[in-house]
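So the protein sequences, as listed, match chains V and B. Residues 1 to 509 (our numbering) are what the first sequence spells out, left to right. Residues 1 to 1078 (our numbering) are what the second sequence spells out, left to right.
Treat the hints as calculated values from the structure; they're not laboratory data. A quick note: this is a predicted structure, and the numbers were derived from the prediction, not measured. Any given hint could turn out to be false.
To be clear about the criterion: a stretch of chain B counts as covered by chain V if any three or more of its residues have a C-beta under 8 Å from a C-beta of chain V, and this derived list gives those stretches [what the hints assert, rightly or not]:
no.: 1; segment: 113–121
no.: 2; segment: 720–734
no.: 3; segment: 779–787
no.: 4; segment: 796–802
Below 27 Å or equal to it, Euclidean Cα-Cα: the simulated DSSO-like pairs (lysine-lysine) are [said to hold, decoys possible]:
no.: 5; chain 1: V; residue 1: Lys162; chain 2: B; residue 2: Lys655
no.: 6; chain 1: V; residue 1: Lys504; chain 2: V; residue 2: Lys173
no.: 7; chain 1: B; residue 1: Lys130; chain 2: B; residue 2: Lys1022
no.: 8; chain 1: V; residue 1: Lys238; chain 2: V; residue 2: Lys430
no.: 9; chain 1: B; residue 1: Lys528; chain 2: V; residue 2: Lys356
no.: 10; chain 1: V; residue 1: Lys308; chain 2: V; residue 2: Lys162
no.: 11; chain 1: B; residue 1: Lys231; chain 2: B; residue 2: Lys59
no.: 12; chain 1: V; residue 1: Lys162; chain 2: B; residue 2: Lys657
no.: 13; chain 1: B; residue 1: Lys231; chain 2: B; residue 2: Lys32
Chain V stretches covered by chain B per the calculated footprint, using a threshold of three residues with CB under 8 Å from any CB of chain B [said to hold, decoys possible]:
no.: 14; segment: 24–32
no.: 15; segment: 149–160
For glycine and all other residues, C-beta sits at the position ideal for the given N, C-alpha and C.
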Amino acid sequence: MKKIFSIIAIFFTISIAGCKDDFLSLETNPNTPSSATPQFQLSGSLVVSGNLYEAAETFPSGAIRTTTQGYAATTGVWMGFWTSSGNYVPSSVLNTNAFTNSNYQIFTQFYLNLSNYNDLEKKGAADPALVYFQSIAKIMKALEFQTLVDTYNNVPYSQAFKAPEVLTPSYDKGEVIYDDLLKQLDAAMAAIKSAPATATNPGTSDIVFKGDMNKWVKFANTIKLRLAIRQWNKLPAKQATLKTAVSATAANGYIDQTFQAAANPGYTNDDANGFKQSPFHVSYAFTATGAASLPGDYYKANTYAVTKLKNTNDPRLQRFYAPTPIDGVTYFGNVYGSTAPKNNASTSGIGPGLLKGANMEAVLLSSSESLFLQSEAAVYGILTGSAQTLYEQGITSSFITLGVPSAATAASTYYSQPLNNVSWNSSTDKVQAIINQKWTALNGYGNIEAYNEYRRTGFPADIPVSTQSAQPTIPSRIFYPVSESQQNGANLTLEGTINQFTSKIFWAK
Amino acid sequence: MKKLLQSLFLLLFIAFHAIAQERAVTGTVTDKTDGLPLPGVSVKANGTQIGTQTDANGKFSLRVPAGSNGLTFTYIGYRTQVLTIGSNNVVNVALDSDSQQLGEIVVTGALGIKRQARELGYSTTTIGAKELTQANVTNIANGLTGKVSGLQVNTINNGIDPQLRITLRGARSINGNNSALIVLDGVPIPGGALNAINPNDIEDVNVLKGSSAAALYGSEASNGALIITTKKGTASGKPIIKYGNSFQVNKVSYFPDIQTKFGPYGGETVADGFRDPNTGAPLFTGFENQLYGPAYNGAQYELGAPLQNGEKNIITYSPRDKSPIQAFFETGMTEQNDLSYQSGDVDNAFYLSAQHVYASGVIQDDRNIRSAIRASGTKKYGMFRADYSVGYTNNNVSTYGVNYSTNATTQILFANLFQMPAFINIDDLKDANNSKFYNPNDYYSAYNVNPYWQILNSRINRKGDTFLGNINLNLKPASWFDVTYKLSQNFGTNLYKATRREVQFSAYAASDPLGVSNIPSRYGAARKATGFVQDYTQYGDGTTNLNFNTNQGLSRLQQDVFLKFNRTFFKDFKTDLLIGNTIWQSKARTQNDQSSNLLIPDFYNINAIAGVPTVSQQEFLIRQIGVFGALNIGYKDFAFLQVTGRNDWDSRLSKSKRSVFYPSISGSFVFTNAIPGLKDNKILSYGKLRAAVSQVGQVTISPYSINDVFTSSPGFPYGGLGGLALSTVDNNPLLEPEIIDEIEVGTELGFLEGRITAGASHYQQNSRNQTLSVVTSASTGFNNAVVNAGEIKNTGWEFDLTGDILPRSNDKIGLRLGGALGLYDSEVLSLIPGSTQFQLSGAAGGIYAVVGQPFPVLQGSDFSRDPQGRVIVNASGTTAGYPTVASGLKNYGRTTPKYVLGLNLSSTYKFMTLSAVAEYKSGHVIYNAIGSTLAFGGISSKTVEADRERFIYPNSVIQTSPGVFVENTTVPVVDGNYGFWQASQYNSAINPYVNSAAFWKLREVNLTFNLNQFVNKSRIVKGASFSLTGRNLLMFRPIDNKFSDPEFSLDISNAVGQTNANQTPPTRLFGANIQVTF
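If we strip away everything but chain V, and leave its shape as in the complex, we get (with noise of 0.2 Å):
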């Protein structure tokens, strides 16, 4: 008996010998790391903004794909600048805006990157060396807050980034959005101002201004300028409250033709498989290894933007647009829902002006589009200054952007030309004219902002629907994506039944 419980005592000893205290403690993911430097967290976030802003379409996760019926590539569609290639079968959804809620969607892209601009608010917050991480952070929130407004509305805002506590948040309204971004643009605006001597600057992990914090100052504040131009005229009630908002910063400036608000981490194509261009070329030239990119190869001049730039003699019709392969002068855009489009060698294809290689930034806001919307606000005397200089800034400004040759003198023998629209002495509506022209400069790069300020002036006034439109008009929004009718039905169902064709932005027209 003795033995048998000696026996049961070795037997119990060897099972458990192997057992330390830390035997079952595996949490730790030795695959990837459970922190990261502010740093690191801030060149991530915003590589991955520059890939929202101009990728023809982004994964959940913001990287690129190289696919069709992104959402900045279809509103280059519907604002007349582009259209489907002749190559391929015609999509019924991109002709007839027969889209669902699976269309053309940015809600996750957006939010999963908004998450790291909140984390790194936080860390910011607790921790005032980090007080610039903190400002770049709420201003990156605000720029890109506006833009989920701008194209689904009411959005979760209060609630937002509370997993795993609040897994349904629910949705605040756009316009107080927007009223709290102005604050927060403001308060972003201040703290860079006072920072301590002692605060950590970005530096070279600051892909966008290199740790320039008055650049982001500048930034913040066209955000702001652009927050309040955008409900002008929608909110006349409001336009005091606005005037008086803007003009208490408009001291700190904007952005003007000496810089623009672009990301470059050192976009490269030494790569196997392309990722590591610039957003835009990748998603419309080639990749790394020389196969054309589908959405280059899928997205095509359309007729109205070739014929609109042609008329007016603009020269940028050769930046924009590529000369038709099969005859190499000749520039040629089909109609947006023609049954028959001509194929690929027959019609133009994105130009040299947009496409300038692997290398090139990633624009978030443009030079151009701040100048515009200074003139904007000039004639609106929410800021002082020459609305006609800085509407001819706006376009000698996309004219150096784009590379014409001599292009400021390009630019001026452009304007001169006494052409509604073109000229600003010729021009009847002066802001038909900025926004006129400033959809000419956001042709390609700032397609969705294009669609934006179309949904919220009505200009320019000509753009065709596509021929085979379930309704004859350009979509006024897409829908919120299937995800939220899936996880956040009960929140979403608030918002009521949305219409492509007539539920529209608080500040739409």
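Using the hints provided, position chain B relative to the given structure of chain V.
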């Protein structure tokens, strides 16, 4: 201890004594019903410990001591016979099968512990070696298919090396593991290693269907288990050598229904000269990959672009006798060679086997070669017993990879193939690198790649080595106590290399001679489709799978210790108690290096590339400690109770949630033994009622799922600049295992002395705490959050009936029929609070869990319909007559079968045996996405139903004013060709391609000729058999399923219910097999 020594002494004495006065007795043991010899019958000299077993031919030889006057023959399932031998030295015995002994069948359960069937309070089915391998299967899963109620095997396709998913009683987990635990010789092994086991090494497979049966596995018990026992050698004293050879051919049996009437055209314009300017009818468009052109007319046309020298490829525009698609598929073959050796005596057993399987697929150059060797044995010495088993398998698989097309969907072989017009002579394409008109520069299709280019130049070679080994040491110092120690190590390495040849296009091809943006013109100034090299190495279970949901891809090292005590109280209460402890750890480590920037063409090594390779490395480690106990109490021979408990500590869970306890209780009552009036009843000879209740778990999360992490931001690093982003998954430190409560009741009955046996089971499983990696609103900051929420209820009925309709007797005809019917239902009771549906991850996007519905269901788009369900078509305009797609999702129904009926037949006549297995499944749907691909290509037979003419969409209505619908008798589709079938919204809804997944399959047919009687004279050859086998010979599907095998699935995730164009078509196997025993 004194007592033990005494008996040992006694034993020695008897043995000594016996040697002095023994005599040799020989004989043959046969089955009384069919007269066939019974191998493995235990023969014992009465009153002694001397014994042996019959060999493969039922023969035995025993040296019987003079003091013994008789022999006892015992064999599972047969009535024990005691014979007096008198002076006879030759004793031939015919054993009678005995249903009363149904309950005495010994079944291997959890932890490898053997118990008598009548004691079990839960449902199990044992499949023996013969039944398992009767159709010459090369993997165990195929051998089980259709033979066990409740067991379902899903395969992704009929390719050369398909992945499998084995589930029992449906799916309990929405997002986690539903795969049965695979237990080899008492120890769980990685799921992927199942393919590495030679089915001929299997003694039997006992299927523990429910979680109650597997409850001793605690947090791995929820999905039931396959308890595989390998052969351990014979105790007959004489060596047995077996050789088997089987040869099978493998042919594609069912193709999607295709048209051979119309040739290429793909929507080109009148302006560009591709349509008749007067009629608008499409013209022959030789470079197109869509078949919406003119009907075949026998004319001579120029195919594709002319060669650079102006030479033209002139084809006759008429279909070939055999479509190029069918001609593309070859006849595959499988040759198996098996050799085994076994020997042993009462105290020793040894088994050694070797197998070589060579299989070629239905696609040129597809190969799967497997070599396996296994050794196992037993050694008994006094109170000590040791068993061991080691197996090594080497697997070499070669198959095709992706091609150079820039379009991801046509990189896959079948998408290219299923767009090939019927006039193509497939033989012309075979020399894809050099053929005059079909090389990459001059291939006729502007948008496709020659499928043979892909086969020749893009290869995936996989080499897997798997080692499965265990030792089992047992010490039995007293009759009431024994202790077991087990150690098992199962691991494998996998080397995967994918290569693709570079293509340098000619300037002429890249100049796009037809101006249609052909593939060569899309490669920029360099005119080069780059080559590709990928090296993937995985340490794990010897496969490429790394799937925490199916427990595949990881190695496993395990140690078990358990102590067993047994004692009888108050004469009739037989009790045994087991307590034990298990520690295991699973590991995987992967390394992937790839680049598509080869420095030197045709040289595939990651060391010789330009630019930066894509590199990733991952490692995973899981550990678990469990302690468990089981108490069995049996009263007399009719009432049995088992109580088990297990506590697990799992490293995947955080410290506070790590410890979980899993109890079970089960009981059985053999009323034919208990009620005196029923004893020895000839009609109802055996009857048992049983019930079980258990609560088990499933830790169904990947390791490292409890803390948040950062991932490298896309594109990084840029030079020295790093970038990180929050992971898009919100991990949850409070995760708990999924908990499954099962209640099961059942009965087992034997009639007419066991000629008819029947069983019935009913169970309900409630699975709560579902571990859902839920797709959250990204506004939470994360795209997914891992939470415990939701509950599924599974209920089911299982009925088994087997009858010896004609018990084999003197007329030599025997017929046995068996059937198993399963009725399965499930309902999603709840999901995460606030949501009513949950979309499964996995390749199949439309598979959901929906509250109040069975799990899983298919949801997808549908046409706009009027209140009566008729399709609304457009009244006028460019889309007149076309349906439109409604917004929202339609629930098409469950994707797992509700009714499963398996039938098997075994019939003998003289020396011939015919057996067959058929199966019927229904009550579920499948979405065949290949239908949409075929409609795109204009090749599906559906697209020619109206002969490409205008037609009125069947059963359609037109909306005349809001809410008013009139039957459409006037508006035909604007275009009955390309416009409708390809470009309209008809092709965007999944509706046309969803159909019933019901089928009847004749899974196995086997005709065996037992040649023993013809070789009996031979001294060397002791037995032989020859058989003809067939698998998947016939399949019957509903008429609207013209696509594929409804048992296929896109992957082995829980999202079953979809197929697409990427799957090797279903095949039929038939062949012959010869077995010789020496």
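Against the structure, the hints:
1. 113–121: violated (count 0)
2. 720–734: holds (count 10)
3. 779–787: Since three or more residues must qualify, the claim that chain V covers the segment 779–787 of chain B holds, with 7 doing so at under 8 Å.
4. 796–802: Violated - the segment 796–802 of chain B has 0 residues with a Cβ nearer than 8 Å to chain V, which falls short of three.
5. V:Lys162 with B:Lys655: holds (24 Å)
6. V:Lys504 with V:Lys173: holds (13 Å)
7. B:Lys130 with B:Lys1022: Measuring from Cα to Cα gives roughly 18 Å; hence the hint holds.
8. V:Lys238 with V:Lys430: holds (22 Å)
9. B:Lys528 with V:Lys356: holds (22 Å)
10. V:Lys308 with V:Lys162: violated (48 Å)
11. B:Lys231 with B:Lys59: holds (20 Å)
12. V:Lys162 with B:Lys657: Holds. Lysine 162 of chain V to lysine 657 of chain B sits at ~23 Å (cutoff 27 Å).
13. B:Lys231 with B:Lys32: holds (26 Å)
14. 24–32: As far as the segment 24–32 of chain V goes, the hint holds, because 9 residues have Cβ atoms under 8 Å from chain B.
15. 149–160: Coverage by chain B holds for the segment 149–160 of chain V (4 residues, Cβ < 8 Å).
The structure fails to meet hints 1, 4, 10 from the earlier list, while all remaining hints are met.
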